[in-house]
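> One-letter residues, chain by chain:
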Amino acid sequence: MKLEIGNFYVKDIVFGDKLSFQNGVLSIQKEEALKFIKEDDRITEAELYIAKPGDKIRMCPVKEAIEPRVRPDGRAVFPGYTGDLAPAGEGVVHALKNCSVLVVGRHWGGFQDGVIDMSGEGQKYTYFGQLNNIVLVADTNEEFEKHEQQKKNDALRRAGHKLAEYIAQCVKELKPENTEVYELGGMIRRDPAIEKLPSVVYVMQPQSQMEAMGYNDLMYGWDTNHMVPTVMHPNEILDGALVSGSFMPVSSKWATYDFQNCPSIKALYKEHGKTINFLGVIMSNLNVALEQKERSALYVAQIAASLGADGAVVAEEGYGNPDADFVGCIVALEDAGVKTIGVTNECTGRDGKSQPLVTMDSKCDAIVSTGNVSEMIELPPMETVLGELEALARDGLSGGWANDELLGPSVREDGSIIMENNSMFCGDQIIGWSPKTMKEF
Amino acid sequence: MKKAILYINQFFGQIGGEEKADYAPEIREGKVGPGAAYSGAGLDAEITYTIICGDNYMGSNTEKAVSEILSMLADKQFDIFIAGPAFQAGRYGVACGTICKAVAEKYKVPVITSMNVENPGAEMFKQDMYILKGGNISSKMREDVAAVTKLANKILNGEEIGCAEEEGYFGRGIRRQVWRKDGKPAYERMVDMLVKKLNGEPFETELPIPEPDRVPIAPALKDLSKARIAMMTTGGIVPVDNPDRIQSASATRWGRYDVSDMDKLEGGVFKTIHAGFDPAAANADPNRIMPIDAMKVLLKEGVYGSLHPYFYSTVGTGTTQAEAKRMADEIIPYLQNDNVDAVIMIST
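Heads up: the sequence lines are chains G and D, in that order. Just so it is clear: in the first sequence, position 312 is 352 by the working numbering, and no numbers are missing. Just so it is clear: in the second sequence, position 116 is 131 by the working numbering, and no numbers are missing.
Hint data in this document are derived by calculation from the structure and do not stem from the laboratory. Keep in mind the model is a prediction, meaning the values are calculated, not measured. Note that beta-carbon positions come from the ideal geometry of N, C-alpha and C, so glycine has one too. Incorrect hints may appear among the rest.
[Said to hold, decoys possible] To give an idea of the chain D side of the interface with chain G (calculated C-beta under 7 angstroms), a few residues:
hint: 1; residue: V47
hint: 2; residue: I152
hint: 3; residue: M156
hint: 4; residue: G183
hint: 5; residue: G186
hint: 6; residue: Y202
hint: 7; residue: K212
hint: 8; residue: L213
hint: 9; residue: P217
Chain D with its partners taken away, still in its complex shape (with noise of 0.2 angstroms):
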């Protein structure tokens, strides 16, 4: 049989109630508390050790909470780390939520856990774990167990996992294309949604919009004629043989190539790689989407202060939010480093 190993706080580890939440890690053989319940809903694993936490041992030496748990793991063999259900307890949820990303990156195994939508770990957490929706207070008990044994089972006997909605757990921010089940088309779920915002009735959208993710403008320039400068685009313009392989479309490489010894980009030097657009204009002369010719008359007569020597390029064409955040990521150092007070970025 496979081999779970549980997490619970002092209260369900029958050791006190918050008198004792100073209580430091231990780990006992066999199953404590809700390690009865699990057995009880049907767990394909059998739980071979407890680890039980005073919440606020947990809350306020996070450190060496997760150090000194990790290190009782180090030697036990284990397939799945389960947590909780912690309810709507915020503490013994962030504590969940804490142990279980700690274990799922250093052994790699899969973590679940429960809480209720109130709790803040669900927030903080969901998008690292399963987290299943559970109840509020701990006469939920039952059904939280069953809920997380259920999935537990999937994962452990390596069945497909269903969507968030389906399975019960808060989503983790990941979008995929599922085939319904019903095979219902969309020109029938069109007019569904249609007649029924058309009538004022309650109706689902398939995808909810999510609050904006804003970056806020950053001030301006005080003085421009002192400011450093670095320049940038996602219209793709490379050497012509492309060194840093940047993809035409759904890019993540980025490249950045020194103009420092150049008045402008000459064709046939420089080229775009971009699929999205026609690159005839780009190609004949590179200028037109990185305007080093421009930038540089423009240093001549003190417009500005200095252009930091690369620009810096990739494709924007299909490329996910994801994948441009984290070469914007990868970047920022290196502007960092050169002390840049501004970068015009050039769209296509």
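Chain G extracted, bound-state conformation (with noise of 0.2 angstroms):
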């Protein structure tokens, strides 16, 4: 399979008379976009903004990020998600780098959703404080979640991937700046000089755990909840196979951006015929209950083995519950003699005294720890808020909270926050980012 990225190196946004790209601006015809998004008469309220590094912007409740990417030959950008299925991974894609669509609720937030800065302190927690965004902040009328704190944001992470595949139409016909290639055959009857090395898969766990529809991560359109783990190639998670859901505490998120450029695969990519022979991604998921996880474990072994697998490496969309999940594939990828690491965050309360992972096992011996769910951040106000920062403290989000005897509300008057790094966006980065780790004290 091969797959192209054509790269398109966006220094700048503006709002302009038409859609284009020209010399590394991109402009939007906001009206015309808005016009776009109104098309799915879900959404009652929308406006477009563009918040670049160093504004002093802050987001919430941010729901999605999505980069910006197109298809020259006319593939939906996400088969079975935006258009018609169609295989994902290979041909050519053009993407608009250093850029994502990210999307805010214009009211309303929930346990999934989270905080971004642009500038400031706030702006190392995230990885989209370093990106060029076009900021869809909208309103629904899913009048059945208004209130719930755990929201699917059906129409408003849909609007973000259309806005996405919208915006990349003006490098259709373009000359991409320079193109990345991933090629990888078949998993056998490689180069000899390559199977001499020990082989390796990445097992990832996206999301999957609440059972009822809607809420999941999906893959080519299907609900990762209703699945056993399967084989994929990795060209197909960083090709739009991938779309993220709408459940876990943000931290913990792998955005569809995330998924589209996963660094952890092209890491692996890049080692390929150096130091190991990439066999390619094991596809299992996050369950609740026990024998769900035990069977996905089972699976992910038995591939893992039956691939001849030497070593592989497993990374969770998740902390708590999920945790379960992580240790449990882990072992039983050791129990059947594969070589494992894990790639994780951790939860150790606001003292950093407790248990790092909900269950642990001595099996787990090579960990890279990305961060903390449970780190205290506190910020000043923020002259611009794009959304509705009352949501941190009003609705829910799995970092914030209305009031604390000690620590007041999250959110205070003058708008300052106190919150945990728990709804700081995909803040964990565990998909492979992160610059943060662990250390005792």
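Two independent chains are provided; combine them into the complex using the hints.
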């Protein structure tokens, strides 16, 4: 399978007369774009903003991030989600780099939504603080979940994916600045020099814990709760086969942007033929019932062993209950003779003294740790807020609270905030970017 | 200049060796013994007093010794309390830990000491204070004093204290996120660790797995038909107005609710405030998480002896082990006072 990602580097974003990309400047015709968004009659109110690194902007409640992309051959960027089913991972896709579409609720947030700051002390807490962002702030008529703590955010998230596809139309016919090529053939009968190297699989555990439909990560539009682990080509992940959901406390989330750019897959590609023989991805999931957790672990270990993997990396899109899936999967792989390392965040509590994962096993002897959901963060007011900051305190965001006898409310009258890292949008970057680690003090 | 008070034993106080180990505490103005080394190492505080105490005196009359020393300090101004270094001397190490802990609690000043990894005092007190990892014998005095001074100066000057590994103290069981100075992203660390593990080379995990902290399973009830049972859940079932304001995630609060006059929990009267699952089924019938209905039927049938009048509730999602343990410690006396024989703990 061969994927060519044609890159267009966005240096600036402006609102202009027409949608275009020229000399690094992405120009968006705002009224037309908003008209396009409002084609979904569930959207009752929508506005577009630009948020660049250094801007005095705070966003909340942030629901999703997507890299704008388009396929010159007309296939949907997210097959089975924004358009008809078609294979992903093969052919040409054009991408606007250093750039994402962010979706922010105009009013209402939930457990799974988060915060992004574009400047100041808060900027470093998310990956998106360093990108040029097109921000869709919108509200919907989804009355049934307006006051629900768990929201599907369906209209808003779909609007974001469609907008990302819509914006990238402007580079459909253009010649990219450069092209990244990801090519990996069948797992067997590879070059003997490569086959001598230890073979490795990347095991992904995307969020799929909601039994009700509409909340979980999707794979070609299919709910990842309704699957047992399977083999995927890494290019499929990089090319829109996975769409993020709306369930997990957000510092542990993998946004769709994260799947599209998965740095851990890219790193394994880079090592392929040098230090490892990268076989591909085992797509697993995260479950609620113990039997489901065990079934997935059993499948992953069996697939890894059947493929002849010497090593594996397991990464979880979650913390807390999903730690059981994560640890169980590592243990199953180790028991099957596969040398395994894990990538996860931790939850050590406000005093830092709690057990870092809800379950632990001495077989997990190689862990890359990417952050702490319980870290307390206090940030000064920000000049501009996109969305409704009060949502952090009012709507049950995982890292916010309405009131606390010692700390007061998460959102103060002057616009300063106090929160747990739990609500920093994709803040722990378990997908692989995290510059953070955990240390004992 | 800021002020420090130093604690040392009879040997380093030049009183004598083992034969003087029963020496009762005394306080002297100025610095004695290792005090000079601290000044030489550049401590940003003047050692105004030195306390000397025999190791056996502290070991065998601990309460008395501590109280005597604390009263000696009552009228003294000091910004930091330093003990040792204690090297591998077991009684001295335990004495340093004991007095540092007591001084920190009573006078709310920073305390600091140093001992060798083999010193039992290190294991006993490392959670309570900064203990620098020191040498095993007193010939390491210079290095150990220098290490204590370096960290003490950071504390005195209000500088940020780095992690245990960086500063050289024993980890206090506190794990925090840090930004790596080299900015090396997780994916690079992942590849490094993976390749090392595959090639059988040494590697360092970023999450050392501690020894499991397991609670032994209680022995089975001898006679269920006479047993008094209490009900408990982390599923967040509360009266609809959530009177104890239990949080929906990362809970630090719990509540107990009288069900002695009820045959079951009514929907609309009770609900769940747990944010980690779909609440629809639990709100429609709270008994599906807190099965008071079934318990009352079984009680009538005589399956078990009696039901404790209250059920206990908190929220488990994101709730830390330490908070859970604290809440359990608060709940247990209610159960003991009512002679509860067994608890049914309902998770979600």
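> Work down the list of hints and note, for each, if the structure agrees.
Status of each hint after checking the structure:
1. Contact between V47(D) and chain G, as hinted, is not supported at the beta carbon level, the nearest pair being about 32 angstroms apart and thus beyond 7 angstroms.
2. Because the smallest distance between the Cβ of I152(D) and any Cβ of chain G comes to about 27 angstroms, over 7 angstroms, the interface hint for this residue is violated.
3. Residue-level restraint check for M156(D) is violated (minimum Cβ-Cβ distance to chain G is 26 angstroms; threshold 7 angstroms).
4. A cut of 7 angstroms between beta carbons decides the hint on G183(D): the least distance to chain G is about 12 angstroms, and the hint is violated.
5. Checking G186(D) against chain G by beta carbon gives a least distance of about 4 angstroms; that is within 7 angstroms, so the hint holds.
6. Given the 7 angstroms rule on beta carbons, the hint for Y202(D) holds: about 3 angstroms separates it from the nearest Cβ of chain G.
7. Because the beta carbon of K212(D) sits about 5 angstroms from the nearest beta carbon in chain G, less than 7 angstroms, this interface hint is met.
8. Interface restraint check: L213(D) against chain G, minimum CB-CB distance 4 angstroms, threshold 7 angstroms, status holds.
9. Interface hint at P217(D): violated, since its Cβ lies 11 angstroms from the closest Cβ of chain G, which is beyond the 7 angstroms cut-off.
This entry does not satisfy hints 1, 2, 3, 4, 9, going by the numbered hints stated previously.
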